[in-house]
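Number of protein chains: 2
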Amino acid sequence: MVNLNIISIFTFWNNNPLIAAAAETEAEADNSSLIFAGVLLSLVIIYFASKLGGEICARINLPPVLGELVGGVVIGISATHLLVFPEAGITAEDSLIMKLLQSTSSLTPESAQSVFSAQSEVISLLSELGVVILLFEIGLESDLKELIRVGPQAAIVAVVGVVAPFAAGTAGLVYIFGVAPVPSIFAGAALTATSIGITAKVLAELGQLTSKEGQIIIGAAVLDDVLGIIVLAVVASLVKTGTIEITNIIYLIISAGVFLIGTILVGRVISPWLIALVNEMKTRGQLLLTSLVFAFIVAYIANVIQLEAILGSFAVGLVLAETEKRKELEEQILPVADIFVPIFFVCVGAKTDLSVLNPAIPSNREGLLIASFLIVVAILGKIITGFTVVGKSELNKLAIGVGMIPRGEVGLVFAGVGSASGALSESTEAAIIMMVILTTFIAPPFLRLVFTESDQSEEVPTSESKEIPSSK
Amino acid sequence: MVNLNIISIFTFWNNNPLIAAAAETEAEADNSSLIFAGVLLSLVIIYFASKLGGEICARINLPPVLGELVGGVVIGISATHLLVFPEAGITAEDSLIMKLLQSTSSLTPESAQSVFSAQSEVISLLSELGVVILLFEIGLESDLKELIRVGPQAAIVAVVGVVAPFAAGTAGLVYIFGVAPVPSIFAGAALTATSIGITAKVLAELGQLTSKEGQIIIGAAVLDDVLGIIVLAVVASLVKTGTIEITNIIYLIISAGVFLIGTILVGRVISPWLIALVNEMKTRGQLLLTSLVFAFIVAYIANVIQLEAILGSFAVGLVLAETEKRKELEEQILPVADIFVPIFFVCVGAKTDLSVLNPAIPSNREGLLIASFLIVVAILGKIITGFTVVGKSELNKLAIGVGMIPRGEVGLVFAGVGSASGALSESTEAAIIMMVILTTFIAPPFLRLVFTESDQSEEVPTSESKEIPSSK
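Chains as they are written, first to last, in my numbering: chain H, 25 to 496; chain W, 25 to 496.
The set of hints was computed from the structure by calculation and includes no laboratory data.
A portion of the hints provided could be inaccurate.
[To be verified] Reference listing, derived: stretches of chain H covered by chain W, where coverage requires no fewer than 3 residues with Cβ under 8 Å from a Cβ of chain W:
id	region
1	55-69
2	78-87
3	137-148
4	315-322
5	353-359
Every residue gets a Cβ at the ideal spot worked out from N, C-alpha and C, and that includes glycine.
Please construct the entire structure, taking both the sequences and the accompanying hints into account.
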């Protein structure tokens with residue numbers, strides 16, 4: 025009976041004038057299905073690279089986030105060309121994912137370019153959402169009260185750790201290397217970051233999280249996160265508005281400060297009301313979606329007033345960390361961050377063209393020199409911060425400085441934002457990534473060394489004394 | 025000192041040949057920042073509509089998913105035009121989000137169209153990821169063993185509940201209304217669905233989840249989910265390949281069956297190995313990302329062999345539901361589904377043009393007639409299924425049939441896929457949505473009525489006796 029029906033439908037079909045119209049929309053629907061297939065394939069490859077890299081790093085005692093970045097480099101423009109983005113001179117022909125799609129589906133070479141650019145657009149947007157969600161999570165894990173409590177010592181360490189590398193890095197690039205001012209400022213800004221996730225994780229592994237040095241490092245790293253985001257907002261806005269004027273800088277610093285403090289003050293008034301609303305709601309995901317709507321609105325406002333969206337999501341995270349729902353929200357944002365954040369790190373790696381650092385090509389040597397210079401400034405600029413803590417002679421001042429060295433995810437955020445804004449030349453971007461990779465690599469063993477030397481007679485460090493939630 | 029630096033940088037800037045290049049890439053970066061702002065704003069509006077609609081429905085004892093759909097209709101093309109998509113005759117001018125973006129940012133009318141289409145592409149892709157994740161979650165909540173255990177009764181109910189409305193719906197549309205075969209088949213297919221989430225929730229609220237009738241309904245609804253997805257895969261593939269041939273249909277039914285059974289068999293071999301791998305992994309999100317990579321790979325394969333991606337993610341969900349990690353995975357997918365799934369439902373609502381059902385316009389009357397016909401078939405086609413259960417006179421056969429009526433999210437999946445494929449005319453799509461809305465609206469009070477009438481002397485139904493996880 026069903027068969028009979030279908031045969032008569034078949035007859036019907038052949039006589040139907042709608043077939044032509046259906047065939048037209050078919051091509052369109054086919055493209056959208058191919059874009060979706062491309063996105064699925066990209067996500068599979070991104071997650072595979074992030075987990076493979078992360079797991080290898082976790083096994084050799086390095087931060088997993090480093091592995092995600094290196095995984096991105098391996099699948100990206102520098103190596104296997106699996107995941108490439110339509111930038112200067114890159115077409116669908118260069119993307120292995122597109123080739124895979126062409127060989128397994130009905131993708132024609134004519135529509136390959138539009139599918140390629142649409143798919144890349146979606147992956148880029150997902151990666152931008154990833155960094156917004158990462159900063160929301162970092163804000164949520166930070167402690168506004170601790171930020172205030174850690175007091176002058178951590179503040180001095182943080183401020184010196186931002187100003188010294190920024191000034192030395194930017195001035196060095198402009199005066200010694202003759203780099204243009206905007207990329208110099210970006211590179212200098214990338215030098216200011218401290219990765220709270222990596223530092224806290226390493227301190228926990230050394231059993232030094234609750235030591236005096238550990239507390240100062242954590243406090244300064246938290247402050248550094250905030251300062252770094254303000255610096256990033258200022259720098260990214262400079263690139264956006266296109267001019268460098270003192271009044272503009274002052275406006276931006278003030279607006280970033282007012283925005284951050286304003287969001288926190290207004291947020292603290294709104295958040296009890298928001299939590300009461302969430303408690304009244306009966307449908308699934310009420311806390312997570314309400315919080316994300318709050319974060320996205322503030323991120324949108326930050327974007328609109330020429331600051332960075334991440335500043336908004338960080339501020340909302342800080343505010344919500346003060347509410348009774350912090351723990352519940354942290355648990356719920358975890359899987360969401362697990363899905364979005366790796367896309368960001370892998371994309372940063374994939375977009376980085378490390379070939380510009382190949383020393384065999386003479387024109388690359390400048391980039392390598394810049395990278396070496398940045399690395400030296402990155403290490404020295406943070407080590408000196410420990411010696412700004414005066415009056416406490418028993419402190420391991422070297423350890424404090426070393427604890428501030430790893431740039432980690434925050435440094436990569438700078439490279440990623442700089443790359444997205446188009447302000448960084450390839451060699452400067454690659455040099456920044458090199459600096460981030462190296463400082464992140466060097467910090468864990470170096471930190472272990474300086475702590476062990478001073479502690480040998482005092483106490484035996486208990487490893488894994490307290491597991492701290494890593495921001496990756 | 026910093027100020028001096030910046031002044032000399034300013035001088036530098038004016039003499040720098042890189043400024044022209046920077047200005048060019050600036051426009052591009054600006055566009056990408058505007059697309060991101062547009063996506064943020066769209067997400068805020070989507071989440072707001074979904075929560076407002078969901079909460080209102082939850083309060084008047086209706087399934088929240090219905091509210092998300094209606095919320096989508098309210099912000100979409102039918103009403104306020106906040107969220108519209110670039111289809112026939114729709115430009116950036118029609119989108120209130122784009123107007124909001126233009127009034128708050130530097131978006132120029134010239135770049136508005138490209139920002140509009142890029143932003144819409146991203147939202148559409150997120151909504152497609154939403155339905156893939158929803159079906160993964162439904163698979164994870166289903167029980168493969170229960171599917172086998174419920175035996176012949178549930179199977180008969182399920183098969184009759186698929187065949188009867190499909191045959192009656194498709195034949196009626198073709199022969200009575202002269203609708204083209206492809207949309208008729210799509211409408212017929214949409215009639216086959218049963219919403220396991222809504223049905224289970226309502227049964228739980230009536231305290232009937234563990235009654236004989238309740239168990240048959242749940243079993244049949246689970247089977248119906250699988251049958252419905254096979255029907256959807258077959259129908260969607262028919263649209264894709266463009267021809268209706270018996271051999272093609274047989275090929276598709278066999279390939280859908282082989283794919284589903286093959287994925288489950290192969291998946292059951294692979295999954296212990298996969299779980300062992302996850303147990304070995306040390307980095308965050310190992311279970312969730314490994315599972316999603318598995319689901320995305322199978323979804324990609326389904327897509328490539330002309331089936332639907334959702335069939336793949338559902339099969340992987342079923343397989344992973346059998347592992348020891350089911351509970352953990354269910355907890356982790358929950359927040360992810362909370363974020364992605366509402367985008368799907370709201371977009372389906374937003375894309376539905378209900379104005380074609382306005383009875384004041386004479387040309388719309390056919391669509392209304394179609395909707396009325398579909399609603400009658402939808403109700404009668406499921407009610408008869410209860411009476412196919414023979415030999416158990418004490419069963420409330422009417423209740424079983426009524427329990428199968430709500431189409432819910434599965435029916436909307438049909439409408440969404442049909443709409444995305446371009447196979448449905450506006451009036452047929454609107455008629456399907458009307459049918460889904462009405463059957464979903466009608467089922468909870470109707471079910472309460474038939475259960476209360478028969479149970480008045482037997483037992484007092486305990487409301488909320490067991491809370492079942494709703495799939496939304």
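These are the hints, each one checked on the structure:
Beta-carbon proximity to chain W at under 8 Å applies to 10 residues in the region 55-69 of chain H; the threshold of 3 is reached and the given coverage holds. Counting residues of the region 78-87 of chain H whose CB lies closer than 8 Å to any CB of chain W gives 4, so the stated coverage by that chain holds, three being the minimum. Note: the region 137-148 of chain H has 4 residues with beta-carbon separation from chain W under 8 Å; the three-residue rule is met and the coverage holds. Only residues whose beta carbon comes within less than 8 Å of a beta carbon in chain W count, and the region 315-322 of chain H has 4; three or more means the coverage holds.
With a cut-off of 8 Å between beta carbons, the region 353-359 of chain H has 4 residues touching chain W; three or more are needed, and the interface restraint holds.
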